[in-house]
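Undergrad: Read in the numbering used here, the sequence shown has 776 at position 512, and its numbers run on one by one without any break.
If you're looking for bench data, these hints aren't it; they were derived computationally from the structure.
One or more of the hints may lead you astray.
Unchecked claim - For lysine-lysine, the following BS3-like pairs were computed, each having C-alpha atoms within a straight-line distance of at most 30 Å:
#  : residue 1 : residue 2
1  : K435      : K649
2  : K654      : K722
3  : K435      : K465
4  : K636      : K616
5  : K722      : K793
6  : K636      : K722
7  : K448      : K465
8  : K465      : K616
9  : K435      : K381
10 : K350      : K435
11 : K316      : K448
12 : K448      : K381
13 : K636      : K603
Quick caveat: nothing in here was measured; it's all calculated off a predicted structure.
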Amino acid sequence: MSAKGKITAAEARLAARNFRLRIAADLDPPAFNSANPLLPDTDDDFPNQLPKALRGTDLKIDIPQFDQGENGRRGIIRLFWNGEPKAETPFTTPITFPVEMTLPASATGSEGEYELKYIAIIAGNDTSSLPLVVNIDTTAPNNSRPGEQVGLPAEVETDGITREYLDINGKVVVTVPATYLDAKIDDEVILMFGPSIPLAKEVGRFPRPNLIETIQFDLLEEHITQEGDHSLFYVLADRKGNEGPYSAFRTVPVMLTPAPTDLLPPLVPLADDDANLIDYADAVQGVRVVIRAYTNWFSSDRVVVTFDGNDHAPQAIGRDGTQVTLPYALIFNGDYGIKNSRITYRIERNGKAFEELVGRNFEVDLRMPGPKPEDPPQEVHPELKILTVKGAVSATDNVLTEADANQDVSATAVIYSDVGDDQYAQLYWNGVEATGVRVALNSASTEIAFTIPWEVVKAGGNGAAIPVSYLVGHTLNENVYHSGPREVDVSGIRIVLPEPAFQNLDPTFDVLNCPSLRVHNGALHAEIKVPGGDSRLAGKELTFIYQGWTNSSGNVAIPDTSDSFTYTPNEDEARDGFIVRLPYESALSETRQAWGSIHFTVDIDGAPAAPSERHLVDVEVRRPGGLACQIPVRRES
Numbered sequence: 265m266s267a268k269g270k271i272t273a274a275e276a277r278l279a280a281r282n283f284r285l286r287i288a289a290d291l292d293p294p295a296f297n298s299a300n301p302l303l304p305d306t307d308d309d310f311p312n313q314l315p316k317a318l319r320g321t322d323l324k325i326d327i328p329q330f331d332q333g334e335n336g337r338r339g340i341i342r343l344f345w346n347g348e349p350k351a352e353t354p355f356t357t358p359i360t361f362p363v364e365m366t367l368p369a370s371a372t373g374s375e376g377e378y379e380l381k382y383i384a385i386i387a388g389n390d391t392s393s394l395p396l397v398v399n400i401d402t403t404a405p406n407n408s409r410p411g412e413q414v415g416l417p418a419e420v421e422t423d424g425i426t427r428e429y430l431d432i433n434g435k436v437v438v439t440v441p442a443t444y445l446d447a448k449i450d451d452e453v454i455l456m457f458g459p460s461i462p463l464a465k466e467v468g469r470f471p472r473p474n475l476i477e478t479i480q481f482d483l484l485e486e487h488i489t490q491e492g493d494h495s496l497f498y499v500l501a502d503r504k505g506n507e508g509p510y511s512a513f514r515t516v517p518v519m520l521t522p523a524p525t526d527l528l529p530p531l532v533p534l535a536d537d538d539a540n541l542i543d544y545a546d547a548v549q550g551v552r553v554v555i556r557a558y559t560n561w562f563s564s565d566r567v568v569v570t571f572d573g574n575d576h577a578p579q580a581i582g583r584d585g586t587q588v589t590l591p592y593a594l595i596f597n598g599d600y601g602i603k604n605s606r607i608t609y610r611i612e613r614n615g616k617a618f619e620e621l622v623g624r625n626f627e628v629d630l631r632m633p634g635p636k637p638e639d640p641p642q643e644v645h646p647e648l649k650i651l652t653v654k655g656a657v658s659a660t661d662n663v664l665t666e667a668d669a670n671q672d673v674s675a676t677a678v679i680y681s682d683v684g685d686d687q688y689a690q691l692y693w694n695g696v697e698a699t700g701v702r703v704a705l706n707s708a709s710t711e712i713a714f715t716i717p718w719e720v721v722k723a724g725g726n727g728a729a730i731p732v733s734y735l736v737g738h739t740l741n742e743n744v745y746h747s748g749p750r751e752v753d754v755s756g757i758r759i760v761l762p763e764p765a766f767q768n769l770d771p772t773f774d775v776l777n778c779p780s781l782r783v784h785n786g787a788l789h790a791e792i793k794v795p796g797g798d799s800r801l802a803g804k805e806l807t808f809i810y811q812g813w814t815n816s817s818g819n820v821a822i823p824d825t826s827d828s829f830t831y832t833p834n835e836d837e838a839r840d841g842f843i844v845r846l847p848y849e850s851a852l853s854e855t856r857q858a859w860g861s862i863h864f865t866v867d868i869d870g871a872p873a874a875p876s877e878r879h880l881v882d883v884e885v886r887r888p889g890g891l892a893c894q895i896p897v898r899r900e901s
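Make a model of the complete structure from these sequences and hints.
TA: Encoded structure:
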C-alpha cells in the first residue's frame, strides 16, 4: 500500500483480481446421479431427502465440470462425507465430465444431516467444492408410534357391518385421524382390513396433497370376504418410504346374513316333573338344556346359556339346535338351600348378542340329609359307612349259604355324625330298592341296622359279589346320599328251572315213536319245548342232556345212549318259550325200545344252577321188523 493510505493503479488491479479469485474459490457442489436421485424438495420438509430405498446402498455421485488448466497434468478427485474421505478417482487432464464416483453403502445407514463435497487436486494444487447438504430421515410419521383408531359411522359402531347397512349405503366410509405428529405433505395412509391381523389386506392408499383434506376410504363389499370379527387399522408412511407401526386396531363385526329370529324358550327336561324341580341328583349329573332350532341360523353362531345370571361357556349350535349340559358348580353357586331359578340363553354372532327373552323358570332344592356335602359333589358320600351283612346261620360276614335260606338277614353300619330327627335310611339289594326295608333315624341313633326278609335276598339272586348299600334321606325333599356298596357272596338261593318236555308223543300209546319225530334240515329230530317265563335264561348258554334208560324209573343207563347239545335263547324266547331239537341219528336211535330222558343245566348269577327237572318218556323208535325210523316226505317242518 502506498503512503497516506492511497493505492496505485497496479495495486487496485491486483486487489480486484484477488477478490475475483476468492469468489470463484469453491467448485460447484457434487450431484446425485439420475440412477439414484434425491427426492424433490417440498415446502414443509428439509431439502435433499434420500429415499429409504437408497439407504445403505452404493450411490453414484456426479462431479460437475471445473477448469482443468493445461493438458497432461496429473490429478486426484477425493469425495468426502461429513468431512471423511469415502472415495477418490485419479486422472490426467483433460478429463470428461461429469466424473462418476461411488459413495459407499456404509455411509447412509443412519438418520441425520450430512455434507457431501469433493476436493479436486491438480499438480499438487487443491480446490474444494461447495457442499451438498443431504438429509436422511428414518423416522416414520407420528414419530414412528401407532396412530389412533379409525372412525366409523355411528350405526356401524353400534351394530357392525350388516347386510342391511350395505344394502342401504353401498359402502362403509372409514375416517383416519388427519392430525398426528410430524405430519407432512405427500405422507401416505395405507388402510388394512381382514378377519385377523395376519390375514388383513390392503384396502387402499391415500397420498396427502395437503394437511387439511379429510382422510377417508370407502370400504366396499368386495373388500369383505367372510363374516365374523374383522380388524380395521392403517399404516402411516412418509414420502421417503418410512412406514410406521400398525395403528390402534378396531374390531368390526361383519354380519351379512340375516339376524337370528324366532328364538324359542329353552327346554329343561329334568324340571318337567310335577314339582317343576331340580334336585341334588339332577344337579350332580348336570342339567341338560335343550336349545331348539331358530330362523336364520348361521354356522358360526354360538349359544350362551345363562343360569341365574351366570353364563355357561359359549357352545356351538347346529342347524337343528343343540343340547347344553350345565355343570353342578353353576347350579350350586354356593347355595345348598332352596331357590327360584331361571335359565335363559342368547345367540352370539360376530360379537353381537341376540337374547331369548322368555326363558325357563323352575325351583332348585339342594338341601341335603345326612353328613355335610362334599366338594366336588358326589352321590356316594364317603362318610356313609359300608354295611356288614350277616346271615342267620353262616359265621362268616357278608356270605350267605343254603343254611341261611328262608331266614331274615341283618345289615348294620356305624352311623354318621350329626344325625337329624327327620332322616331315614333305605336299603338297596343288588341295585334294587328293598321294599319295606327302611329305618327311621334320629339324634340318638348309634348305628344303621336293617332286618332283611329272605324274599329280598332271593329276588336279588345268587352271585359272588351282590352289591348291598343304602341311602339316607329326609322329609324336607327327595334329595339323598348313597353309601358305597358291600359285596356279598350269595349262594343259598335254590334256582328252579323250567322243565323241558318231549313234544308230539303218540296220543294213543303215549310214547315217543317214529311218527313223533320231525324233519329239520333234512334229518329226523325229536322236538323238545322249554316253557317261557324265566327271563334269567335270556342270553345264557343252556346245555341239554339226553340219556337212554333200561327201565321206567330211569336209574339204569343204557350204554352209548347219552347225548348233549347247547342252545342260547334270546329275550323273546325266554319270555314266551322255545323249541330245541335232539337229532335222531345219535343216542336216541340207539335207545330203540326203552326209556329216555331230557334235562338242561345253566349257570345263573355266576354259579352253576341246579339242573332242571328231567322229562322221562317211553321210547319206541324201531319199526316192525327191527327197522329204524325213516323220513316221511309229508312231514317236513
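Undergrad: Each hint should be assessed against the structure and marked as holding or not.
TA: Quick rundown of the hints versus the structure:
1. K435 x K649: violated (73 Å)
2. K654 x K722: Holds, because 15 Å separates the two Cα atoms, which is no more than 30 Å.
3. K435 x K465: holds (17 Å)
4. K636 x K616: violated (43 Å)
5. K722 x K793: holds (27 Å)
6. K636 x K722: violated (35 Å)
7. K448 x K465: Holds - the C-alpha atoms of K465 and K448 are around 25 Å apart, at most 30 Å.
8. K465 x K616: OK: K465 and K616 at ~24 Å, within 30 Å.
9. K435 x K381: violated (54 Å)
10. K350 x K435: Outside the cut-off at roughly 56 Å; violated.
11. K316 x K448: holds (16 Å)
12. K448 x K381: holds (29 Å)
13. K636 x K603: holds (19 Å)
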